Amino acid sequence: MDFKDSRTFQNLVDAFVGESQARNRYTYYASVAKNEGHQAIQNIFISTADNEKEHAKVFYKFLQKYAGDQAESFRVTGEYPLNLRDTLANLKSAAAGEGEEVEVYSKFADIADEEGFKDIAVAFRKIASVEGHHENRYANLAKNLENGTLYKKEEKLSWKCENCGYVHEGADAPDLCPACEHPQGYFKPLPEVY
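When you line the sequence shown up against the UniProt record's numbering, it's residues 1 to 194, in that order.
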């Protein structure tokens, strides 16, 4: 079978495009979080966007490796979310999208195995596990933001200012950083307990 005629080829195309658009969407979500005063969430969106870029790169390299000169372009067949709302809605959307990727990439891995592309199957499974971590992190952040517990916990813990690195001990993140006077949105719990 010609690689470009395989289901794995189209799955790699769809995964590459999906990761590429997720990266851009997360950078848009980061701007919304920043504008709403949630700089720590902004940083998480940016960090995740960087992860998605690397996932796209993995899929693109497989396309180059197996398709070589067989394919100079590819058709996109997937569906991708079109939403940009407030941070809470963006977190929920991101969690749902990551969860969908876990399911889809697991199926793509099975197909790659069936078609004899073992290395691609392994990559899909490994990246699916990363997407599962992203899903859980986004879901927990959304839950805590919605419940008013993003910056307030029941137990005393350490809060780190993402701007200057100051660490505050307490159940709540301070309204302003005592060291650099940046607002509460710059604080994240240590260890990261979202």
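Hints in this document: simulated from the structure, not taken from any laboratory. Just so we're clear, the structure is a prediction, and the values are computed from it rather than from any experiment. Cβ atoms here follow ideal geometry from the backbone N, Cα and C, with glycine treated the same way. Don't take every hint at face value.
[Said to hold, decoys possible] The list that follows gives simulated cross-link-like pairs (lysine-lysine, BS3-like), each with its CA atoms no further than 27 Å apart:
no.	residue 1	residue 2
1	34	4
2	65	126
3	92	153
4	118	107
5	118	34
6	152	92
7	57	126
8	92	143
9	65	143
10	153	4
11	160	4
12	107	61
13	118	53
14	53	65
15	57	107
16	61	160
17	53	126
18	4	92
19	92	61
20	53	107
21	126	34
[As the list claims (entries may be wrong)] What follows is a set of in silico ranges between Cβ atoms, one per label pair, in the way DEER data are often shown:
no.	residue 1	residue 2	range
22	113	154	57 to 63 Å
23	155	176	44 to 50 Å
24	180	118	48 to 54 Å
To see whether the hints hold, each was checked on the structure:
no. : hint                  : in the structure
1   : 34 x 4                : violated, 42 Å
2   : 65 x 126              : holds, 19 Å
3   : 92 x 153              : holds, 21 Å
4   : 118 x 107             : holds, 13 Å
5   : 118 x 34              : violated, 41 Å
6   : 152 x 92              : holds, 20 Å
7   : 57 x 126              : holds, 14 Å
8   : 92 x 143              : holds, 9 Å
9   : 65 x 143              : violated, 41 Å
10  : 153 x 4               : violated, 52 Å
11  : 160 x 4               : violated, 49 Å
12  : 107 x 61              : holds, 20 Å
13  : 118 x 53              : holds, 22 Å
14  : 53 x 65               : holds, 18 Å
15  : 57 x 107              : holds, 20 Å
16  : 61 x 160              : violated, 38 Å
17  : 53 x 126              : holds, 15 Å
18  : 4 x 92                : violated, 35 Å
19  : 92 x 61               : violated, 30 Å
20  : 53 x 107              : holds, 21 Å
21  : 126 x 34              : violated, 31 Å
22  : 113 x 154: 57 to 63 Å : violated, 46 Å
23  : 155 x 176: 44 to 50 Å : violated, 22 Å
24  : 180 x 118: 48 to 54 Å : holds, 51 Å
Violated hints for the displayed structure, listed by number in ascending order: 1, 5, 9, 10, 11, 16, 18, 19, 21, 22 and 23.
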